[in-house]
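Peer 1: Given chain A, put chain B in place with the hints provided.
Number of protein chains: 2
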Amino acid sequence: MRRYNLGIDIGGTSIKIGLFDLDDNLLDSWNLPTNKSSFGEYILHEIAEVINSKLVISEIRGIGFGVPGPVAKNLVFSCVNLGWGKKDIVSEFKAILNDDEIVIKVANDANLAAAGEIYKGVAHGYVNAFMVTLGTGIGGGVIIDGRVVDGINGVAGEIGHTHIDDLYNLNCNCGKNGCLETVASATGIVRLAKEYLNHSKKSSPLRKYSDFSAKKVIDYAKLGDQVANEILDLSMEYLARVLAKVTYIINPDIFIIGGGISNAGNFIIDKITKFYYPLVKPFIQTTHFEIATLGNDAGMYGACYLIK
Amino acid sequence: MRRYNLGIDIGGTSIKIGLFDLDDNLLDSWNLPTNKSSFGEYILHEIAEVINSKLVISEIRGIGFGVPGPVAKNLVFSCVNLGWGKKDIVSEFKAILNDDEIVIKVANDANLAAAGEIYKGVAHGYVNAFMVTLGTGIGGGVIIDGRVVDGINGVAGEIGHTHIDDLYNLNCNCGKNGCLETVASATGIVRLAKEYLNHSKKSSPLRKYSDFSAKKVIDYAKLGDQVANEILDLSMEYLARVLAKVTYIINPDIFIIGGGISNAGNFIIDKITKFYYPLVKPFIQTTHFEIATLGNDAGMYGACYLIK
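Residue numbers (this note's numbering), protein chains in the order written: chain A, 1 to 308; chain B, 1001 to 1308.
Just chain A, with the same shape it has in the complex:
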């Protein structure tokens, strides 16, 4: 009897496999390191090994996969971090498991993080959500009517690479300049801070450090340092401008803020909404902003949600 679902989040460093019963309960979870050798060709086989060691394959109803790259209609376009180009995980994994009946679906990990927060996290009960993950880069996920939105090229939600007219027009590792990611991700906040300090003569405890983290900027801002607050205000204003555009495009019920920067809690939400609210009409200002609650497990939960 097929009585389990699996939610699998393939990251650049590790892979999380979640075992769920058909009533949405997480029964167990397993981690394995991501083997990126030979252009990631062992990844699916090593996942299958773990599954085979734990379960009888014929008991699995469905498997959802989250991957760090663009996906549309269950087909991966590329995952640079894994060494993958175009990849049909559905066919490959059915062949590896030698089971054609298992339901397999695939989506982008940032979109699945949003799905996870709707499934088991802070957005439970909502059906339209936009999640922005402020980590090393910026990820974004879109859920409309309870369904994950991929987009034709798999870039739905990928607001990290929207062009903003930022003060310094920083270059992005996507090859363009002025991407939101260059000023509002964790690394972006640091870059913005360094530019800001270089272009200003104001004193700040940040000047004590030759290098510092985004957390350091946030910590000094929380302590009341004016320059650290000006930097974060600038960074979150750029983000807020993009989120206001999200509102006028899909008008979600809720914005979910995730990633390392979201550990700053309401402090960071207050920074965002201070700039967001004046950009939208008063009757839209009811949109919720919440901090994500599932952390690194969001993608695993979202992958299971995908096959529900």
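Do not take every clue at face value.
[As the list claims (entries may be wrong)] Once the Cα atoms are required to be at most 30 angstroms apart in a straight line, the calculated DSSO-like pairs of lysine-lysine come out as:
{"id": "1", "chain 1": "B", "residue 1": "Lys1086", "chain 2": "A", "residue 2": "Lys274"}
{"id": "2", "chain 1": "A", "residue 1": "Lys308", "chain 2": "B", "residue 2": "Lys1308"}
{"id": "3", "chain 1": "A", "residue 1": "Lys73", "chain 2": "B", "residue 2": "Lys1215"}
Note that these hints are calculated values from the structure, not bench results.
Peer 2: Relative to the frame of chain A, chain B by itself:
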């Protein structure tokens, strides 16, 4: 036997009623003027009169309504042009027709124009589309997985009021400054042109006129006037920047350009894409741009699509 569907587009000036069979064929259509007296309280009754004069109510399967204002979950928030505040058209119209079995759905007219183009127009065969209507104002419509997206406050697609950092920071009749509508709608192009001419010393045949239309700007641009081209380039660059954000938020299969400005055809699409393509990654540049084909009938078709 219930064998007809009706698609009804309620505009500020006139109302279009389309009669469809259940195989999606338009059998007939009727127009009536919009009676805005007494805060539009006669509108639904006058529509019902037309329907009663043409059809037996028990033969109607469903009625879709498009209205010029924000709508979510079939509830109208307001239609300033009609004099309406919050309105439950579904309940009211079922009561007026004295038939509780008819399926009635309601959506925003710009969203339904997009649905119409998918149903019977240039986007037929696509399931994810973003339509921008460049008329007196700017309307926008979002279709994802073949379904109309309202948004929680009914403003999904309403990109006319996204804030852009335009050169002149023009005031918008929504009460804010710097809305896309102030520079890229038909009236916006005229406003932008006048500002541009005032801030420039370059000669242009546009200077012969104390007042002119957007069509005049486009006509001179087509004839090769440099200033008219600079004005339109500026205007369409603002639009392209917002459409690039649409791509990184929902990544539609196709952008549909409608409204009066779209009569300029490929000339206007070339202006938009010249700025759009450099803002998105190369592999996304396959997104289609097409001119809408249904004109003022799009909303009527879309209203029928809504109840399919």
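Peer 1: Please verify whether A:Lys308 and B:Lys1308 have alpha carbons no more than 30 angstroms apart.
Peer 2: Holds, at roughly 26 angstroms.
Peer 1: Take the C-alpha atoms of B:Lys1086 and A:Lys274, compute the straight-line distance between them, and say whether it is at most 30 angstroms.
Peer 2: holds (29 angstroms)
Peer 1: Holds or violated: are the alpha carbons of A:Lys73 and B:Lys1215 at most 30 angstroms from each other?
Peer 2: Violated, at roughly 41 angstroms.
Checked against the numbered hints given earlier, this structure breaks only hint 3.
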